[in-house]
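Chains as they are written, first to last, in numbering that gives the first Met the number 0: chain B, 0 to 203; chain F, 0 to 409.
Hints were generated in silico from the structure; no laboratory data involved. Among the hints, a few may not be true.
What the hints assert, rightly or not - Derived contacts from chain F toward chain B, CB cut-off under 10 Å, selection only:
#	residue
1	E242
2	I354
3	A365
Remember, it's a predicted structure, so these values are computed and weren't measured experimentally. Every residue gets a Cβ at the ideal spot worked out from N, C-alpha and C, and that includes glycine.
What follows is the residue order along each chain.
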Amino acid sequence: METIMLFLDRYLILLYRMTGMPLLDYTIGTFLLAMGTVVIGELSISLAFRFNRKYIDAANNELVAKNNLSMEAMQCGDDASYRACNTLANDAFGKVFFSMIALSAAALWPIFFALAWMQHRFFGIEFPLPVTVPLFGESVGFVFTYFLLYILARILFKQVKPVLPYFRNMQNMLMTYDGGGERMITIADIMAKQKSDPAASGPL
Amino acid sequence: MKRIHGIFVGIAMVSVLAAAYTPVFAAQEQGASPVVMLAKRTARKPPVLGDTLGLSGKLGEAIAQTPTGKGKGKIDTRGEKGFAGIPGAPKINYIIAILWAVWVGWIFSTIGAFGGIMAGVGHITIFGLGDYAKSFKNTNPTLNKLLTDTIRVSNQFLVGLAAMISSINFYKQKRIILPLGIALGLGSILGAWLIPELTAGKINLKEYIGYFGLAVFVIGAFIFYETTPKGQAGKKKAKAAAEAFQKAVKEKGVESAQGVHITHFGLKHVKFTFFGTEFSFSPWLPVLGGFFIAAIASFLGIGGGFLYVPFMTSVVGLPMFLVAGTSAVTVFIGMIVSIFSYVVIKGTFVSWSFIGVELIGIFIGAMIGPRTQKYIPDIWLKRVFVVLALYVGLRYFSKGFFGVSWVPPY
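This is chain F alone, in the form it adopts within the complex (with noise of 0.2 Å):
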């Protein structure tokens, strides 16, 4: 509704301004007010650029058509040169960036998924470019979604990476179960390509910031589960059969029992049994659930890890085993395949260096990481995530989907 409402005040805006130009509206003037004159010559489009600043490709092509001079949602030709090489875009203080890159890796080598989520803090709030694509929201729509769509790229970039060698180390201990991992990567591939194809250049940061924010509130969501006293005990649970089996294995030494045996392969159902215990699922939940999650992943710039992992045991019914190596896979097919639509298909701006940053800075955090850990209790850090959660879940969530942030700074 608010679309075509859009719609409809954009006609009216360019109706009037052609009509601004057309002989019968030049005549109708002459016997206007000075007062309504000057509001009407005021309505007028600013001059756009007219000049792509040597970017080329879609980026290019909406700078050229941004308006120039100073202030909020402008392009000042005689600003120093920022992001992009765009001048007045937020100029990456590449020390500040490296030592976000540091937390960023820091909380990878701690905390795990939420280290993705930091990335995007970055991108969106720490170095500007949030704000700065916003500010284009009125006076460039698309410079807006181009920039969103760069924000989003540059995520996926440093997620599909760590799915990369996660992918190679399940190959090489042979925890990808191929069937599985099809399913899967056919619902992944669908929804990484659909996602960047239907949005790319459509979604403006408030909107993409909004749905960040809930994506926050899920992984604090995940985080908390795991303080609670349930989490704990899933826990302390799985510890003790594992001490009790590892005592048992040594007083016994290991027996085998049943090996692994398929029952059931066809389009409704796939049973096997895995030495003694039978699983069965049906082969299109991957492959829904791949699409949904890929999609989800795609959108935000996200890894999905998070996701299939609970999908795969709780939704399927499958063991860990089976899950963790085949979802990385699926992570890391789904990603390459939205990092190659949003690039190579969409044209995306990526700005390499910066990646190329971030990944050091990422290196040396978890470098440092486990050399910190012995000295912060895992339950302690968990809790200082789930209130980091609250606080850049809240903030993101109002400020992308009401425009005020309900957290300070307002």
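Bound conformation, chain B alone (with noise of 0.2 Å):
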């Protein structure tokens, strides 16, 4: 792992000698470095939905089913069947749930690639805090810049995804993703049918 870090070391690091002056070059270089795995780890979640889709979809559509059969036996006032279908619901919900965990690592891996490198290169240096905060003290390190940079890129890459090439068509296929099933009810909908039609049931 160390002749991988020195690998990328000799390139990495051109990120950070933009304009010479230590603190900026260090959130210039930060800010792309964060990029870099926003970017990495998009294209790697789309290349799993794309994988097993087959599998999400089958998974997705259990989880909606049995969702939707327990809200209608709410709607319904039958206490058994929803407790019932509600179990067999979150069952399924545990095989969504870990599908989720696998797009997830997908999506995030680099990032932490990213902050050992990091750590190898910017290990002990700390960034004096204009104030004492609470907890942090008087200074943050590394991982707490980074942090801070990955969350605006995401807004950032989240922002120009629609007009990226690859990304776009992505993101237009994952807005159109209904696993080809049912769409789920939630409480919400229940409720908001209620407020609209308060004859059919109780006070809310």
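Got two chains here, each in a separate frame; can you build the complex from them with the hints?
See the structure below:
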């Protein structure tokens, strides 16, 4: 791993040599590094989604079907059926939940390699804060600065995603993705329905 | 008692060592026999490294205080660099790390909660970090405890990630009940903050693996219950009831009954009806439950979701629908607070690349999981893991609390 880090170091450090001003260079470099991890993560998740779509669809459809059934039971005031359907819905959710872990791992793994490189490069360097912040103290390390800039990079990437060729198509696919099955009913839906038709239900 | 005894022994040893350098002791030494002198000379504290090896923070400080040389509990500066760049530390084989993480990911996608336990087993046993941390028990207890914290926080990263994704999904599905989440979250923040505050740098590996073994037993018991006729009957009953309801809906359609109605909201009780069913709970119960479960989760570096759901359904008496989403958020809050406390406040070392490699493996494993699941019946898979939990639990429990493993390898 150290060999890989040393190899990457030659190229990644170039991101930190833009202006010659140390603090500004660090901010720009870390932002670009964070943006790189966002892009690689998004690419990975899109590939994972394509690769496992069949299984994601099946698990999602089962979850939605069982959940909707439990919501319908709730609407009918059938407590026993509601509890039974809800138990099955939770089992189905377990499967979806763990497939989501796989997808999240696909999106987030680059972060840890970026942090590993930063640990190799910037470990021990502290950035003084203008005021003493409870729990943080008077300074923060590279982890804090990275996560701050990662959040910014993610927000920015979300804005530019619709105009980027590959990601645009992927976003369209995800936005229209419904798993090919029925739509999930939520408590909010039932409540909204009752508000619009109070005669059909009891007090809210 | 043992600790007090240890303190006395420590004070006695320090006194003897300090005395060894005083002129009075030196004068007495002149008259002692060569054997006694040799024994005293060998009892002197071995030279310490005196160098942080480029590692800053508490880990660097602890390394600088570690005796140098070859053998157990020492750092040989000429040794090959291993975990955290420490010479002589176990060198993580990244191929094995990926393969193990594939196994963890596969379990996550088939059995669920047991994946977190297997991630812990990897950190403690497979990658040799447990034995390495343990080797410093006598020579540098601080390093032993700091490496134990590293294992704890590495586990938490993997579990926290899972909870994060789950929380986002529940939020989208509007399955998070805010008052309950706040009550649970308050308790869990306190528990997740207090445990690193009280125990970071203080728990040695032996104690940690003992408690970890206990947690494996509890999870094993949960899985075992699901394989018993009672557990199976519960599932079958739920399935039959759901099918019957589905049939009724097809025949009669959905007829709305009552709505959501909060009947009482106070410090002692919260009462509400959900479409005709009344629920009541004391708001203090989730706070207390959140506190204790987050404390256990933070201490062991495991999720806690497997404890929140039964607690909320059995103790507080809430329906699963309200509980599952809220518990995921609580696990997430607890994990974030705990990771933050360990990494930012307590300065625990994290091997980022190691976690990155594990994530790749988990991702691959979780992709394979659904593809292989259809070939193995769910109940047999659970039975295999019950046996595995019994073995892992017994091994860690006995090694942690009794110093020897009751199951092979001894």
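Taking 10 Å as the limit, does the beta-carbon of F/I354 come near enough to a beta-carbon in chain B? Because about 5 Å separates F/I354 from the closest Cβ in chain B, which is inside the 10 Å limit, the hint holds.
Hint check: 10 Å Cβ-Cβ cutoff, F/E242 to chain B: Cβ of F/E242 sits 9 Å from chain B, so the hint holds.
Go through the hint on F/A365 and say holds or violated, using the shortest Cβ distance to chain B against 10 Å. holds, 3 Å
In the structure shown, no violation is registered for any of the earlier numbered hints.
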